[in-house]
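Colleague: Sequence:
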Amino acid sequence: MAAPAPVRRLPTRDLALIALFAALIAVLGLPGSIALFGSTVPITAQSLGPMLAGSILGARRGLLATLTFCALVLAGLPLLAGGRGGLGVLAGASAGYFVGFPLGAWVTGWLTERLLPRYSIPAGLVANIVGGIVVVYAVGVPVQAWRSGTTGLVATLVAATVFLPGDLIKAVIATLVARGVHAGYPTLGSAEAGGPAAEPDGPGGEPADPAGGKPSGSKRRARR
4 MAAPAPVRRL PTRDLALIAL FAALIAVLGL PGSIALFGST VPITAQSLGP
54 MLAGSILGAR RGLLATLTFC ALVLAGLPLL AGGRGGLGVL AGASAGYFVG
104 FPLGAWVTGW LTERLLPRYS IPAGLVANIV GGIVVVYAVG VPVQAWRSGT
154 TGLVATLVAA TVFLPGDLIK AVIATLVARG VHAGYPTLGS AEAGGPAAEP
204 DGPGGEPADP AGGKPSGSKR RARR
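Residue numbers for the sequence shown follow my numbering, beginning at 4 and rising by one.
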């Protein structure tokens, strides 16, 4: 019987980054929220958080940071803009956007990982728009229509355009911040960041000897 695969544990640095970005999303809720034109979903700065998490940390850690924030909110901590928290947030018109945060962060991170180590502003902006806006809206708009009793999905889409200018600005901000971070730390958002470094191979694909770059003695072939 084969032994079970070892559980892959997150390095300490990754855990710290996940906690940091979960806290960042919470801090973005401090300015509060604004409801424009009688919208049932308020405008907040917190939708910037998943974009930053995904575009800086990558898919896995960006997802975990956003899930950590969502778990704390559902546990009752008033971390959403306006001091909201608890399971009641799932009953509101903005529940779909809240649920879409982790998925948006993951998609943004997945697209970002395809750009590294050369993170360009145009491609990064596309990643943030697709993950942070298109994906989040795809979950949020139908739920908003359902919970607010709006007749017709098209009418809800039109109503949701009030969020679009601000979200595009957030996508630009997230892209510029990510560009600066990746310029200083090129491997921070890569899929294998924080994992063990691969050992260079010697001739024939054998592990190299750290002292001289030659195949290690245990892997050398016997010579006659």
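In short, the hints are calculated from the structure, not lab data.
Among the hints, erroneous ones may be present.
[As the list claims (entries may be wrong)] Pairwise CB distance ranges, derived in the manner of DEER restraints:
#1 165 - 90: 22 to 30 angstroms
#2 141 - 169: 15 to 23 angstroms
#3 18 - 176: 39 to 47 angstroms
#4 16 - 186: 30 to 38 angstroms
As the structure is a computational prediction, the values presented were derived from the model and not from experiment.
Heads up, the beta-carbon is just placed ideally off N, CA and C, and yes, glycines get one too.
Colleague: Next, verify each hint and record whether it holds.
Modeller: So, going through the hints one by one against the coordinates:
no., hint, result
1, 165 - 90: 22 to 30 angstroms, "27 angstroms, holds"
2, 141 - 169: 15 to 23 angstroms, "18 angstroms, holds"
3, 18 - 176: 39 to 47 angstroms, "26 angstroms, violated"
4, 16 - 186: 30 to 38 angstroms, "19 angstroms, violated"
Of the hints listed earlier, those the structure fails to meet are numbers 3, 4, in rising order.
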